[in-house]
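2 protein chains.
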Amino acid sequence: MDALKIGLLGAGNVGAQVAKTLVEERELIAGRVGTGVKLIGVAVRDVEAPRDWKIPGELLTTDAEALVDEADLVIELLGGLEPAGELIARALNRGAAVVTGNKALLATRGGELHKLAEEQGALLHFEAAVAGAIPILRPIQESLSGDRITKVMGIVNGTTNYILDQMDTTGAAFEDALAEAQRLGYAEADPTADVEGHDAAAKAAILGTLAFHAPFSIDEVYCEGITGITGDDMEAAAASGYVIKLLAIIEKTEAGAILRVHPTLLPRTHPLASVRGAFNAVFVVAENAGELMFYGQGAGGQPTSSAIMGDVVSAARRLRSGTAEVPGLREQAADSAVPALPIKKAETQYYIDMVVADREGVIAEVARVLADHHVSIESMRQPGSVSAEGEVDVEGVDKKGAVVQIVTHLAREKDLDDTVATLKGLGVVKAVNSVLRVEVEQ
Amino acid sequence: MDALKIGLLGAGNVGAQVAKTLVEERELIAGRVGTGVKLIGVAVRDVEAPRDWKIPGELLTTDAEALVDEADLVIELLGGLEPAGELIARALNRGAAVVTGNKALLATRGGELHKLAEEQGALLHFEAAVAGAIPILRPIQESLSGDRITKVMGIVNGTTNYILDQMDTTGAAFEDALAEAQRLGYAEADPTADVEGHDAAAKAAILGTLAFHAPFSIDEVYCEGITGITGDDMEAAAASGYVIKLLAIIEKTEAGAILRVHPTLLPRTHPLASVRGAFNAVFVVAENAGELMFYGQGAGGQPTSSAIMGDVVSAARRLRSGTAEVPGLREQAADSAVPALPIKKAETQYYIDMVVADREGVIAEVARVLADHHVSIESMRQPGSVSAEGEVDVEGVDKKGAVVQIVTHLAREKDLDDTVATLKGLGVVKAVNSVLRVEVEQ
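Chains as they are written, first to last, in the working numbering: chain A, 1 to 442; chain B, 1 to 442.
Quick caveat, the hints were computed from the structure, so don't treat them as lab data. The structure presented is a predicted model; accordingly, all values stated were derived computationally and were not measured. Be careful, since some hints might not be right.
Repeated chains share a single entry, so a pair holds when one copy, or any two copies, can fit it.
Claimed, not checked - The calculated lysine-lysine pairs, modelled on DSS-like cross-linking and capped at a C-alpha distance of 27 Å, are:
1) K20 with K252
2) K20 with K151
3) K5 with K424
4) K424 with K38
5) K115 with K345
6) K414 with K115
7) K54 with K345
8) K38 with K430
9) K20 with K344
10) K430 with K151
Use the sequences and the hints to build the structure in full.
See below:
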C-alpha cells in the first residue's frame, strides 16, 4: 500500500517536535506501523515564524483546509476551539483519522466529535490531551475495559502543582511562586486557565467521559482554583500531616457522576502527595484492579510529542489494517446512562480553619453546630497542642481569639455549606479562614 | 453478529474470577465490546474441585481440546509450559484469539507463538503476564509506539518485594520474612521461582521483547535472587540512604540489550523505593516521554482478572471489527535487530561491603586495586563515622578488622568482577561480605 499521508496542523512547541520526529524518524515509524508514512504538509499561520525545529520550507502551507482534504491522517495541534474544531470535523467527515491534544475542544465539543467519528467510521485519538506523556486514556479505554472504574483523582496541571509544591517546600507566597513559575516558563503570562483550574476541569471532563462511558462537558465540572490558597493554609496543612494539591476528581455514585476540580488536602503518605514540581500523576480506582497510579511528565514539547506519536502509530496501524475503531464511547450501550451531578451531591471530608472567641464553652458550641447539620468531626486541633488530659493550652490564642482547625468525617457538600453559613453567623466565631476538601487513602 | 464464543482454560484463583465476571457482567461486557459474548465452557482437570466462585456445572468440561476447537476467543489460565503451549498453538492455528497470563510460557516460547499468531492473522494478548492489574504492556506497545524506550526497571514480583520490605521495615531476617509471606499466602510452599528471581526474569524477557521490538527469551536474562540478602546488608544500605529491591532491568545500549534481574540498591528518594508490600511498579524511560511510572497490584485473583478482562474486551472488539492486530512484534522491520548481551557488558554502579585489616595504608591499597581496574569510587564509608577532619574513628572496628563500604561510579560488570577477585586475594582484605548493584536516579 502507498505511504499514509499525514497532515500536521500547527507548528508550535509540540508541533515542531512532531514534525521533526515524522521527518527524522520516518523509517522507525514506518517499521512500527508496518507501512510507510509521509508528512505531506504543515499548516501554519505564519510561514516565517521561528520554530524549535526548522521545518523544511516546502512542507509549510497556510492553507489548512487543502491539507486536511489531502491527508489520510490529520494531527491537530492548533489548540483553541476554532478553527481547530471545524478542521477536525472536516477531516472526520472525509473519513480521515484525527490525532489531537486539544483538551479545550474535547471538553467542550467532545461528545459531538466522538459521534461524528463513529458515524463516519473514522478514528479520533487524543492521548496527549490529558497528562502529556503519561499513557492514561488508552489504559482507561482498553486495559480497564473489562472492569468498572469507580474513581479517578489526578494531578493533571503541572503549573499549579509546581506553584503549590514551591509554596509547600520553600514557604513562598502564592504570588511569588507564580512569578517563579512564569520565569521558568511553567506558567503563561496570563495564568488564568491554569490557576483558576479551567485546564484541569477540561481534563476532568475527558477523564470522566472515558472512565464512565458517557459524554461529559467542562460545564458539568465543578471548578475551584488555587488563587485563594495562602501560606497559612499550606503551613496549617503541613502541621497536620497534609499537603495541598489541585486535584481533578471524578467519582461514580449510585445516582450519577460527580466531576470536580479543587485544592485538596492529602495525607503526606498518599501516593499523589509526593508528586513534585511540574510532574503529573493520575490515580485510578477500579472494582477489580484496585488502586493504580500513572506518573510522568504532563507537559512540554518532547513528552507531549511522544503521546501524539503513539496515537499516530496506533491510528496508522488501524488505517493500514482497514479498521476504524474508537472504543470507549461507542461501546456503551449496556452501561446505564450516567448523569453528571452537581457538587452539592458530593460527599467528602472537609478541613475548616477558623478563629473563635477564647472562652469556655466555645468548642462545645461549634461542635453543636456541626452535629446539628449531620457533620461529624474526625479530628480537632488548636495550634499549640491539646494535652493528654484534653486541656487546651494557650498557644495559638491571641487578642483576636483562638484558632481552631477541624477535619470532618465524610459529609455532604450541602450540609457542609449550611454548617459554614451557620458558623459564620455565630457570635463566638470571629472568622472562618479556610474551608478545603480532604481526600484520605481509600 | 452472533455472540462471540469464549472458552476458558483453567479455573484457579484468577480463572474462577474471570468466569464470574463473564457470567455476572455479561451485559456490561457486551456493551463494552459492541456485540454479545458467551462463555461456552471452562476446561478443568477436576470438575468437582472447590473454587473461589462456583462455576455452573454445565460449563465445566475436562476436554480442553474440544473447547479450543469451538471457541472464537480462548482464555488460557492453566499456567506452566504444557499443555498450555499446545492448546494456545491449537487455538492460534484455527485463527482464534488468545488471551493469556502465562509468563513462563511467553518467556520461553513467546517468539514462536507471536510468529504463529502473525502467520495466522490471530490475536495474542497477555497484559496479565506482567505486573497483574497494572496496564504496562499495552502502554509500551501502543502509547509509546512512536518513541524509543531506552530502559525499563520494574518491581514485578510481589512476593520478593513483600519479603524485602519486611526485612527493611521490621529488621526481620530473610527466613522469617519468607515464613511470614508464606503464612499470608504471598509466597508459595516452594518459593524458588520467586526468591531466586525466575518469575521476575520471565517478566523481564517479556518487557524486553515489547520494549525493544525483538524477541528475547528467559535464557537471555541474567538472574540473581534475594536469598543471599542478609539483615546486615539491609541495615548497611539503610544507613547510607538506600533500600534494597529486586529489580527486573532491561536496558538498550549501542551494542544491544541487557536484561537482568538482581537485588539492587536504590536511593530512598527514587520513585521505586517507596513501593511497599506486595505492590508492583514499573519505571520506563523513553527518549521523548522521559520518565514514566506505573503502579498497582501485581497479583491476586481480582486484580489479575481485571487485566485478563481488559484483553478479552480488546480482542473481542477487534474480532467484531474483523481485524487481527498484534502490534509491537510484527512491526519491527525498520528497527534494527537488537541482540541480547551478556551481563558482563552491563555498566552499573556497585556497592561493595568488606572487612579489611585495621591498619594504616589499607584504604589506599584498596583504592589502588579499584583504580587499576578502571573502577572509580563515588563514596566510601566506614560504619561508625568519618569526622569532619577526615579521621576515621574506631567504631566499626573489631578484632576481625574494619568494615568498609564503597559505592562505585558507573563501571563495567567485567571490571568489577576482576576488582572483586583481586580484592579477595589481597592480604589486607579479610572478607568481601556483599557485592550489590546500585541504580541511582537518572
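Hints, one by one, checked against the model:
1. K20 with K252: between (41 Å within a copy, 23 Å between copies)
2. K20 with K151: This pair counts as between: shortest inter-copy Cα distance 23 Å, intra-copy 38 Å.
3. K5 with K424: Cα proximity of K5 and K424: none, with 63 Å in one copy and 63 Å across.
4. K424 with K38: Classified as neither: same-chain Cα gap 65 Å, cross-chain 59 Å, threshold 27 Å.
5. K115 with K345: neither (29 Å within a copy, 53 Å between copies)
6. K414 with K115: Classified as neither; 35 Å inside a copy, 59 Å across copies.
7. K54 with K345: This pair counts as neither: shortest intra-copy Cα distance 52 Å, inter-copy 38 Å.
8. K38 with K430: neither (68 Å within a copy, 65 Å between copies)
9. K20 with K344: neither (48 Å within a copy, 36 Å between copies)
10. K430 with K151: Result: close neither inside a copy nor across copies, 37 Å intra and 57 Å inter.
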